[in-house]
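Each protein sequence line maps, in turn, to chains A and B.
With the numbering used here applied, the first sequence has no gaps in its numbers, which climb one by one up to 396 at the end.
With the numbering used here applied, the second sequence has no gaps in its numbers, which climb one by one up to 211 at the end.
Calculated directly from the structure, the hints in this document are not laboratory data.
Ideal Cβ positions, reconstructed from N, Cα and C, are used throughout, including at glycine.
Heads up, some of the hints might be wrong.
Said to hold, decoys possible - Interface residues of chain A toward chain B, partial, derived using beta-carbon atoms under 7 Å:
#, residue
1, Ala279
2, Glu308
3, Ser309
4, Cys327
5, His345
6, Asp378
7, Ile382
Residues per chain, in single letters:
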Amino acid sequence: MLGRRVYLDNAAATRLDERVLEAMKPYFFQNYAVATSEFAYSEGIEAREALDKVRNDLSNAFGASPEEFIFSSGSAESSNIAIKGVALALGKKKGTHIIISKIEDFPVLHCARALEKQGFQVTYLNVDGDGFVDIDQLRDSITDNTILVSIHHANQEIGTVQDIESIGRICQEKGVLFHTDATHSFPRVPLNVRETSVDLITVAAHTIHGPKGIGGLYVRKGTPIVKWMDGGFQEFDLRAGLENIPGAVGFAKAVELITPEETRRLQTMRDRIIDLMLAHIPHTTLNGHRWKRLPQNANITFHFVEGESITLHLDMHGFAVSTGSACFSRSLESSHVIMGIGGDHERAHGSIRFTFGRYNIIEEVDEIVVTLGEIVKDLRKISPLGKETDKKESER
Amino acid sequence: MKFPYSEKVLEHFRHPRNVGKIENADGKATEGSPACGDMVSVYIKVDPETMTISDAKFESYGCASNIATGSIITELAKGRTLDEAKKITWKEASEALGGLPKIKAHCSVLAVEGLRSAIQNYEERHGLIKEKEPTTLAVVRRRLKKVMNPLAGLDVMRTNLVRDIQIGDGVIRVEVDLPVSHQFAPAIKEEITEKLETLWDIREVIVEFAE
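One chain only, chain B, in its complex shape (with noise of 0.2 Å):
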């Protein structure tokens, strides 16, 4: 039989490694969303003494290559610091796999990103980030294009789909083009609520939608 995936892929697609939730788990974090394709969500447990990655689980909602993924990246994070954790790219994901097809890039990527923002999660929720930068409009706009605009596939600020960001006093107000009604709505408050509230210098952020 003839497989469009490597051995290595195929093996890791049909046994996934690490997968499941952790219970209160440290730092955890979704990347994509259910309603404009694949999703993957990280779980970490982090050793405090050493900042080791003690335990990493996986959630996917996906294709072969986005399961495989996230199948190996727990494997690979598992035992390392965070620090070298987060270096972890796509493409040693993508060779400890034995290569994945170039057009599944965007499938398999989740899985990388999410990892690093399960460690992000984690550095957050402990005071741990070290550079301190302020909330700026650049960091916004970085965050909120990790939000799926469900009606097209695409990010919310590729889509224009934001109409304004603005912050001050630890309140981050994000405009949507949307009205309140729409059955996306409520999924896209949620998302964005969830990847901007845990900025360190942010104590609220509210989500508009158009009248």
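Chain A with its partners taken away, still in its complex shape (with noise of 0.2 Å):
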């Protein structure tokens, strides 16, 4: 067993950045005021201030105008107010129909599920084997009825990063608006909102070494969309609640500290261990495109041997990672994405979600491919299936 922990699940939560740290702790200690109170004294313009410049920060980081840009707890909250803000905008006056993906993370997918009982209409479009959007489907599954398509700019799970400029054109020609959840994509897969055509966008700090509990949401000028945060004014009257400034404020400078160089960095490592996993240990199959996918992310199954297993075996060793397996999710339902590109229970059985951050190192790489390598010849021999015949079954 290693010294230390390898942690490599970035996509779920990842850690804060010191330097993020200090740019929020003047936030909570000197000046703990709203921005709402800005008329009342000092400290509340000097919050407004900062809340302003982070705004601005922020919106550049799109392309957009300050006034685009609303924070909110999270990526959930902000596929919430972009999803059913619409939908409570237009369901009387223009129509009742919704387009997503069916391989969407659940904050887009429960949304869906939650206005379908409330009369909606949901179209759930299919994907490739690789998680592709069917770009057919979608052009003609919008009708006169539909009023928005929500389609994640890359997978939570598999990394495919979606076309979204051909999936924005259709919505254009169509007229119809367009969200994307942008959650594990933004900042290290660029989108601008001058070059691609999308109207909502979700995005938050958790992901990219910020803290826990600050989001935000791209709204693009004149979107219909109704609030349904109740409150104060905050947020462009689009969400009620006091201002997070100290989160504001970390989420601007965590997404300062993200470089180009350094997502070249996690590209390798992504590129190392999808290369030696498919190279060093037989019957594994890579999930999601080869190429076109998080530059963070790496996604294998494991064939004959079950996920939950494999996470706790790791554990053991020291190795944080995930899995798509029924038996690690608390529904006991298989990953939906891996179903959703066609792959059977079996396929997310054994499926490995790696995610990599700023503080894992190459080295950590080759570490736990020789691990998992041996944690997965032992779940095997102990496998009713992957014997000698399955086995050439499979490589053939």
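Make one complex out of these two single chains by using the hints.
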């Protein structure tokens, strides 16, 4: 066992960067006012200025203007504001049809299901074997009754990055709003609203070494959206609640610290883990596209063995990863993403997601490949599957 | 470090006992299926003099609780008579492991059922079924509840995949609501046949698929 822990689940949460904490600290101890108090005392003005500055920085990251970016408590809330907000604004006026992909993350997927219960119709678009949305099906699915298309920028599990330029173009041609969940791509995979036709973008800080509990939503000027989080008039009257100023400052700092050089470093680790796993461990399948994928994500199925058994053994050896196995989830359902790309329960059962972050080093890739090779070999010894006949079968 | 399982479960997970196949097993059974989740195979050797289980082994394609339960259940079974071993419950296995999380009942109960089915398999193969109840619709339905529908991850009865069952003259005819060309059709056919063909008064099992 290693003397230290190797954390490879950066899609779930990331270690906070000290520089982010330092940037946040003054807003906990020196100026703890909220921007709402700007007309009462000077601390309120300072808080307002701090919030305006980071709103400006973050909106710049998309090529948007500051009035087009609101803060929220994270990506789940951002997607709820976007989808339910548009549904409330247009449900009675324009239509009740929404289109999403069938491999969206839970905030989008469950918003759509909740709206379905309230009488909206939802089309769940198919994806191909790599996880790309069926563009023709999208074009054919849009009707006069369609108000919103919500398709993620990159997938949370298998990392595939969608062709959102094409999706945005289709939505624009058909006059339908387009929301994208960019929680796992922002800001490592560039997205600029002046180049891509997208009306709403969900982002969050927890995936980029920022604090948990802060996210944001880009809302293109003029997008019809009804506020449902009632209270005060914060965030251009789109989301009530005291401003999380330390969180917002931390979010902007986290984005500032992401560099193309670092992203390339993560991509090197991603490519190495994929190459080594597929070359050194037999009966493995890569999930998601080989190149058009998040720079920090690898997802591999180890056939004939189960994912929770793998993660538990890895944990005992000092490695933290995640799996799409039904045994791992509280709902006991296999990953809807792996099933969505045409995999069966078996493929989801043995799928492991590795996601890299700032604090990983390339040596850790080699260590986990060796350890995992042994674990998979041992688990296959006790598996009723994958004996000689099955193995030959899968090699073909 | 913190784990979601007891020390005992972890111990059996890391060092499972009685792993593997028994060649020429006297009784064997597989519960669950690879297409829909955990799967466990149980093999037993029976001493015909004493009717005790002289050896038991298992193979698991499953999570930690599935592996640990397979390990403990084969430990508990060895040396017991068939009648005693049949009565081993999930609760007993769970207690022997220092407790299993409730949410894991579904993965771990497979090993317990696997042992029971392996014993039943032995009894059926050796003409030892004492109360020879004739095979009825209820008996067939009960057995088909152990055949998984890989499309849903639930059994073929609960998911209405079985359209019709007919029993007569030692033949069971099962009609399955899937096209014969479906990718899961051969696996489902094999599983249904395996579950029903050992019934003492059945000589043939016919599985038919929809057009």
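Cross-check of the supplied hints:
no.	hint	result
1	Ala279	24 Å, violated
2	Glu308	4 Å, holds
3	Ser309	5 Å, holds
4	Cys327	4 Å, holds
5	His345	5 Å, holds
6	Asp378	10 Å, violated
7	Ile382	5 Å, holds
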